[in-house]
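Peer 1: Protein chains in written order, with the working numbering: chain S, 96 to 382; chain C, 96 to 382; chain V, 96 to 382; chain Z, 96 to 382.
Keep in mind that the hints were calculated from the coordinates and are not lab data. Just to be clear, a hint being listed does not mean it is correct.
Claimed, not checked - Rough simulated footprint, nothing fancy, chain Z against chain V, three-plus residues with beta-carbon under 8 Å: (1) 200-213; (2) 235-248; (3) 275-288; (4) 318-324; (5) 334-340.
Where a beta carbon is used, it is the ideal one built from N, C-alpha and C, also for glycine.
Protein chains: 4
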Amino acid sequence: MSDLKNKTILTVACTGAWPKKEDSPYIPITPQEEAEEIIKCWEAGASIAHIHVRDPETFGASMNFDQFAKTVEIVRANTDIVINLTTSGGLGVPDELRMKPFQELKPEISSFDCGTMNWQDNAIFENSPQFLEKLGYAMQEADVKPEIEIFDMGMIENAARLVKKGALVGPVHFQFVIGVLGGMAATPENLFTLADYAEKLHPGCTWGALGVGRGHLPVMLAAMSRNGHLRVGMEDNLLFKKGQLATSNVEFVERTKRMLAEIDREIASPDDARAILNLKNCNTKKK
Amino acid sequence: MSDLKNKTILTVACTGAWPKKEDSPYIPITPQEEAEEIIKCWEAGASIAHIHVRDPETFGASMNFDQFAKTVEIVRANTDIVINLTTSGGLGVPDELRMKPFQELKPEISSFDCGTMNWQDNAIFENSPQFLEKLGYAMQEADVKPEIEIFDMGMIENAARLVKKGALVGPVHFQFVIGVLGGMAATPENLFTLADYAEKLHPGCTWGALGVGRGHLPVMLAAMSRNGHLRVGMEDNLLFKKGQLATSNVEFVERTKRMLAEIDREIASPDDARAILNLKNCNTKKK
Amino acid sequence: MSDLKNKTILTVACTGAWPKKEDSPYIPITPQEEAEEIIKCWEAGASIAHIHVRDPETFGASMNFDQFAKTVEIVRANTDIVINLTTSGGLGVPDELRMKPFQELKPEISSFDCGTMNWQDNAIFENSPQFLEKLGYAMQEADVKPEIEIFDMGMIENAARLVKKGALVGPVHFQFVIGVLGGMAATPENLFTLADYAEKLHPGCTWGALGVGRGHLPVMLAAMSRNGHLRVGMEDNLLFKKGQLATSNVEFVERTKRMLAEIDREIASPDDARAILNLKNCNTKKK
Amino acid sequence: MSDLKNKTILTVACTGAWPKKEDSPYIPITPQEEAEEIIKCWEAGASIAHIHVRDPETFGASMNFDQFAKTVEIVRANTDIVINLTTSGGLGVPDELRMKPFQELKPEISSFDCGTMNWQDNAIFENSPQFLEKLGYAMQEADVKPEIEIFDMGMIENAARLVKKGALVGPVHFQFVIGVLGGMAATPENLFTLADYAEKLHPGCTWGALGVGRGHLPVMLAAMSRNGHLRVGMEDNLLFKKGQLATSNVEFVERTKRMLAEIDREIASPDDARAILNLKNCNTKKK
Ligand SMILES: [Zn+2]
Ligand SMILES: [Zn+2]
Ligand SMILES: [Zn+2]
Ligand SMILES: [Zn+2]
Numbered sequence: 096m097s098d099l100k101n102k103t104i105l106t107v108a109c110t111g112a113w114p115k116k117e118d119s120p121y122i123p124i125t126p127q128e129e130a131e132e133i134i135k136c137w138e139a140g141a142s143i144a145h146i147h148v149r150d151p152e153t154f155g156a157s158m159n160f161d162q163f164a165k166t167v168e169i170v171r172a173n174t175d176i177v178i179n180l181t182t183s184g185g186l187g188v189p190d191e192l193r194m195k196p197f198q199e200l201k202p203e204i205s206s207f208d209c210g211t212m213n214w215q216d217n218a219i220f221e222n223s224p225q226f227l228e229k230l231g232y233a234m235q236e237a238d239v240k241p242e243i244e245i246f247d248m249g250m251i252e253n254a255a256r257l258v259k260k261g262a263l264v265g266p267v268h269f270q271f272v273i274g275v276l277g278g279m280a281a282t283p284e285n286l287f288t289l290a291d292y293a294e295k296l297h298p299g300c301t302w303g304a305l306g307v308g309r310g311h312l313p314v315m316l317a318a319m320s321r322n323g324h325l326r327v328g329m330e331d332n333l334l335f336k337k338g339q340l341a342t343s344n345v346e347f348v349e350r351t352k353r354m355l356a357e358i359d360r361e362i363a364s365p366d367d368a369r370a371i372l373n374l375k376n377c378n379t380k381k382k
Numbered sequence: 096m097s098d099l100k101n102k103t104i105l106t107v108a109c110t111g112a113w114p115k116k117e118d119s120p121y122i123p124i125t126p127q128e129e130a131e132e133i134i135k136c137w138e139a140g141a142s143i144a145h146i147h148v149r150d151p152e153t154f155g156a157s158m159n160f161d162q163f164a165k166t167v168e169i170v171r172a173n174t175d176i177v178i179n180l181t182t183s184g185g186l187g188v189p190d191e192l193r194m195k196p197f198q199e200l201k202p203e204i205s206s207f208d209c210g211t212m213n214w215q216d217n218a219i220f221e222n223s224p225q226f227l228e229k230l231g232y233a234m235q236e237a238d239v240k241p242e243i244e245i246f247d248m249g250m251i252e253n254a255a256r257l258v259k260k261g262a263l264v265g266p267v268h269f270q271f272v273i274g275v276l277g278g279m280a281a282t283p284e285n286l287f288t289l290a291d292y293a294e295k296l297h298p299g300c301t302w303g304a305l306g307v308g309r310g311h312l313p314v315m316l317a318a319m320s321r322n323g324h325l326r327v328g329m330e331d332n333l334l335f336k337k338g339q340l341a342t343s344n345v346e347f348v349e350r351t352k353r354m355l356a357e358i359d360r361e362i363a364s365p366d367d368a369r370a371i372l373n374l375k376n377c378n379t380k381k382k
Numbered sequence: 096m097s098d099l100k101n102k103t104i105l106t107v108a109c110t111g112a113w114p115k116k117e118d119s120p121y122i123p124i125t126p127q128e129e130a131e132e133i134i135k136c137w138e139a140g141a142s143i144a145h146i147h148v149r150d151p152e153t154f155g156a157s158m159n160f161d162q163f164a165k166t167v168e169i170v171r172a173n174t175d176i177v178i179n180l181t182t183s184g185g186l187g188v189p190d191e192l193r194m195k196p197f198q199e200l201k202p203e204i205s206s207f208d209c210g211t212m213n214w215q216d217n218a219i220f221e222n223s224p225q226f227l228e229k230l231g232y233a234m235q236e237a238d239v240k241p242e243i244e245i246f247d248m249g250m251i252e253n254a255a256r257l258v259k260k261g262a263l264v265g266p267v268h269f270q271f272v273i274g275v276l277g278g279m280a281a282t283p284e285n286l287f288t289l290a291d292y293a294e295k296l297h298p299g300c301t302w303g304a305l306g307v308g309r310g311h312l313p314v315m316l317a318a319m320s321r322n323g324h325l326r327v328g329m330e331d332n333l334l335f336k337k338g339q340l341a342t343s344n345v346e347f348v349e350r351t352k353r354m355l356a357e358i359d360r361e362i363a364s365p366d367d368a369r370a371i372l373n374l375k376n377c378n379t380k381k382k
Numbered sequence: 096m097s098d099l100k101n102k103t104i105l106t107v108a109c110t111g112a113w114p115k116k117e118d119s120p121y122i123p124i125t126p127q128e129e130a131e132e133i134i135k136c137w138e139a140g141a142s143i144a145h146i147h148v149r150d151p152e153t154f155g156a157s158m159n160f161d162q163f164a165k166t167v168e169i170v171r172a173n174t175d176i177v178i179n180l181t182t183s184g185g186l187g188v189p190d191e192l193r194m195k196p197f198q199e200l201k202p203e204i205s206s207f208d209c210g211t212m213n214w215q216d217n218a219i220f221e222n223s224p225q226f227l228e229k230l231g232y233a234m235q236e237a238d239v240k241p242e243i244e245i246f247d248m249g250m251i252e253n254a255a256r257l258v259k260k261g262a263l264v265g266p267v268h269f270q271f272v273i274g275v276l277g278g279m280a281a282t283p284e285n286l287f288t289l290a291d292y293a294e295k296l297h298p299g300c301t302w303g304a305l306g307v308g309r310g311h312l313p314v315m316l317a318a319m320s321r322n323g324h325l326r327v328g329m330e331d332n333l334l335f336k337k338g339q340l341a342t343s344n345v346e347f348v349e350r351t352k353r354m355l356a357e358i359d360r361e362i363a364s365p366d367d368a369r370a371i372l373n374l375k376n377c378n379t380k381k382k
């Protein structure tokens, strides 16, 4: 593990909750497919795997515990990648099902969507104040680091309130997720607005960023310009470039690796990421 | 009606959904009380009355139609103030009840809360994409101008989407409401972030602003510095100054009038506001 | 001296280098006139007098030492106002003449124009790196607090360099002077850009602001919204309002006092200002 | 010439006014050396060559006309690269010598340093209002496009004034040069502040950016995130990466080309650049 200042954590989000094989035939859906994809991304250098699972029959968004367990088992057996389990696999899922995967499987990180908002044109993405408070304490109890997903400015305030209450513990780690209608748009300017505000309100925080869809590359460049951490993958964006589907999440990992190399930086190894984020629960069988 | 460039629209929000007599004995609650307060604010120069009503028995937040009808009747009989009826009198109210007051009573303006967010520490303030689209068309049909309340950056995106769909029609009018946990905090810097973004995404828009609670005066000064329109009243802030309850909403109106006079501006008369915002439905009996 | 957090330092700049009796018959030009004006502003509550003098024959910009001495003598004999002597009375003045007034007369504050820029359409306002370094050490030696005048973003960098070198000593005090062509324009947005940057680069700094000319009131409101300190006076602006000359600098002081009272703040007394800025050299005869 | 929206203009500044062989043995100094370097950069894909010359004896900063003539002649004979001649080869050069190269040699572009500032710790970089006005008209007369170099916010105001006067003609082209002490620091945030302001004050403008020294790569990424044009070369930065001198300006061109390819963009050909910037005076012998 060399100088951590020169390392960028790269999260790969291979599957997500929404894209279907009809959207891209290359998206991994089953635990076996997703785990194999994660293994390849890890071989290519990814630091963290952000994991969603799908309903085994409909392949739609799901918090199916068994699917999480299967995916995690294969990944842990074959890699030392940092595991990050979503708590937001679908809309309208009961609190207990959202929390069970991290409570039982003890990943090092879980996503923490820090507020409520409209989701695109069709739904409400609910994360009530009461749920967030409960979630924060549950993550502390499970030694899981919250990846605080920020879709809009007010969520940075919510995080500050939760820190004050003790439900979150600093230094916090933010993931700025922009480009979902209902939250902020995926522009470099918006990323800077969020990063400036988070750094002001949460001194000592760390952060990563991603733009959903067309804003993916501009937001990645803007984040790189400030040494922010990065996330790529089919959860956020199916296209490798205009008019061309990515045939594997590995393509995104490799592009990011090349871009970081051009500016004389490296992707953080899983252990680098553990050191940067001060993670616990490293349950990989590879170490 | 003289030069409109020199006029600032002042909305008074006398009652709101939440404060109780226990919080301030001076808050008007019944239709009679609220209407009398509005009449006095109009005499003091207010341009617009933003009206909430309360449940006649519990005095809690309500969309009780009869209470709206009673309040409006008295106000119209005694003033030519512009009437702005809330569509957000309480949480969890069915869509139809939220819309009925403006559909039946035909005010010139109604509030349009342009997204969903957590509300303080205890609830979700729901305005789903589907509701917002329905609401926009309903306001068009009723010739009611939407006062697009913006609590966070993403709501400005939502408004852009609704304009694109036709549910909102430009030039739009925004009310920046900051200081509610779940949305942005009530700081001058946040107001500028919102105003800059709204002016960029919605060229030709008009806007007003208010800070809830302690940020009330700093946000008012910041808005005045950019010639934004203003809102005052017990809905937003019960204190006239630190440690001192306002004994009437008129105190806020008069202070604002004095402050505008110091910078050689005037409160817009109701008719000035009608011209600035291009309002229809002027049903006052005073004209 | 009560709670300093609630106090706003008000500097009055009665004369400046440029305006002539032809521009406004009310502008004080001679030491006697200026001192009398300062006395009246002090009686009205001003905290600090920023003093320029004029050539006794041409009434043009000048660093004439005797004129400074005469003005200061009268002011000290009659008030306890904080004295702030310019170091920029005209363009192209030799360094020694720019420094002599503060070196000999030992005011509590002197202006420190922290960089070079074009001045309007017609000249260069020179403050070379070498001069600034010399000036900083000279002020330290004379126990004079530099009022670091900032006309553009780069001057905040210059100040940081001088702090690093030891020529300036923190916590520094900035005066944002916007509205002079060659530097930034007098807009609320520009003031926020400067204040944000100064607060980031110079933690613990204090600052005041003024807009030259038409931007005077918008910049004052924007500064007030963030509890910045203020400067008024005929150096910056001859008009009390559109189309109406101020007949005395006292009018500006009194307006500012009224505006601060509306937001429940007070003008800092001279002694309050001494405490806020940690001043030495209090040589008034009134104490 | 394909879709210009997908093209980024890359200027290479091989020599600059200041670096010496002692700083880097790889820097081209003589007309022959610089021209050969430009030819190689052109072969690698650079769009524009920004040219300085050195005194033939001291190798210091210079506006020596013959050196410009020699350099331009070789470049024009061997490439169709767009030629951009500096007007700022050294400090304290008489106006006529600064203008003669573009007046006589008729490049397509010349640099236009849009204000005066301190230069590092040791000098004033003078561009008085009078000089700028004269320079603007002289460039119009010579059909030379001004590359308006912006080191600080106030220079954007200066440009607006010159446009209003007619000395500059829109749509203007800016080069944001940050990282020189006296102007703004080379940070991504500062670049965004400048770009936001320029786009607001000069609708329809085009812009490029560069960070001097250590900020080179962060500023380049930030500019790329907003599809700004770019400049690289030893004038701005001698190091290819930390601790490693670039052995040729070509290294910078090739890195930029690779980085643009990763985001599915291309360097503009010289003819693309001519179309984007609407250039005249194409005097290359290669066409
Ligand atoms: Zn996810
Ligand atoms: Zn309301
Ligand atoms: Zn002065
Ligand atoms: Zn140059």
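Peer 1: Which numbered conditions among the earlier hints are violated in the structure presented, ordered from lowest to highest?
Peer 2: 4, 5
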